[in-house]
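Enquirer: From just these sequences and the hints, can you work out the full model?
Residue numbers (this note's numbering), protein chains in the order written: chain B, 13 to 159; chain S, 161 to 370.
Worth flagging that the hints you see were computed from the coordinates, not collected in a lab.
On a predicted model such as this, the values are computed, not experimentally measured, just so you know.
Any given hint could be a false lead.
Pairs of lysine-lysine, DSSO-like flavour, derived with a Cα cap of 27 Å [claimed, not checked]:
1) K269/S <-> K152/B
2) K24/B <-> K352/S
3) K59/B <-> K269/S
4) K269/S <-> K122/B
If you want the building blocks of each chain, they are given just below.
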Amino acid sequence: MFKKLIEESTGKSPWLFHINAGSCNGCDIELVSVLTPRYDAERLGFKLAGSPRHADIVVVTGPVTKQSLPRVLRAISQVPEPRCIVTMGSCPQSGNVFRGSYSVAGPLSKYVDVDVDVAGCAPKPEAIIDGLALAAKILKEKRGRKK
Amino acid sequence: MDFPFMKEALSQLFSKSSCAMYPAVPSEAAPGYRGRIIYHPERCIACGMCERVCSGNAITRTVEHLEEGQDKITLTFNLGSCTFCATCADFCAKQAIEFTGDYHMVATKEEDLLVSGSFIKAAPKKKAPAADKSQGCQAPASGGPTVKPRDDGKPVNDPARCVYCTLCARKCPVQALTVDRAAKTWTLDEDKCIACGSCAQACPKNCIII
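Expert: Structural data, given as structure tokens:
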């Protein structure tokens, strides 16, 4: 009974973990604006978690530099299954203007299965909310499949 | 007893929420916002300028040869690699690239973020080589102040106004123009020219007629 209660409540409130993989800080600031009172994603249940072990959704920004790659993979592997990986902005999807740089190891989809892509440079807060809502939906489907 | 922020706290308690309430209240992007790209293949002439100026390598052009000298040209814009700087739209001589206020660019597959369009371009007809070289060349300066525009959309230079600044040759995406400042000649390679109009836009003296 407790397990069911926990599963239901975690479905309503997916927690986010944000990884900056060499981002220019533009997307990071947009994500902060989503969580603060102006766009207030917390009223929809999204909450920023301090540790990857507490998170359900991983939000990755930045083109995944060589320095950050092992740390990104380590942080993602610590997120318990079922998890949902969201790439924010153009950088983790393709490298964007940093593509071809000697220090860029991306795109992220080379290393992990990415569930949701939010395009934009940087994406509008409304688009991020849309992406997170889609991620929460995918997370629910994954939980249903696991049972 | 003193409550320094009591007035502020009470007024905030009964004021309207500052939250935008986004999913319940739909939100429009501000005017001038650069969102999802719309590509108009019917206006495009495949000059390749957009591809050249793109900083994120988001634009790819593929050419597929059909029969009878026709090419199917496809331009694909990868929004997952775009910085939305709109430099491509600024450089497009035919206004074939449009940035809209649509910011809902959320996808689960990479293919959903591709905007693509294709059109069929007929290869230019080859003329007799002896005739076209003399026609494209500079006419004698003794002629009237205006020259007649051609019917195929390719540029003609008015030598009476031209200062041979070479700006047109530098702007030409296919290097069809050769301008010699010293010899004061303006030569058009008609086989290379794609009639994009970039030279006429770049001309500071408005002496190139299309």
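Enquirer: Against this structure, judge whether each hint is valid.
Expert: Hints versus structure:
1. K269/S <-> K152/B: It holds: about 18 Å lies between the C-alpha atoms, which stays within 27 Å.
2. K24/B <-> K352/S: At roughly 62 Å apart (the allowed maximum being 27 Å), K352/S and K24/B break the hint.
3. K59/B <-> K269/S: holds, 25 Å
4. K269/S <-> K122/B: Roughly 14 Å between the alpha carbons, so the hint for K269/S and K122/B holds.
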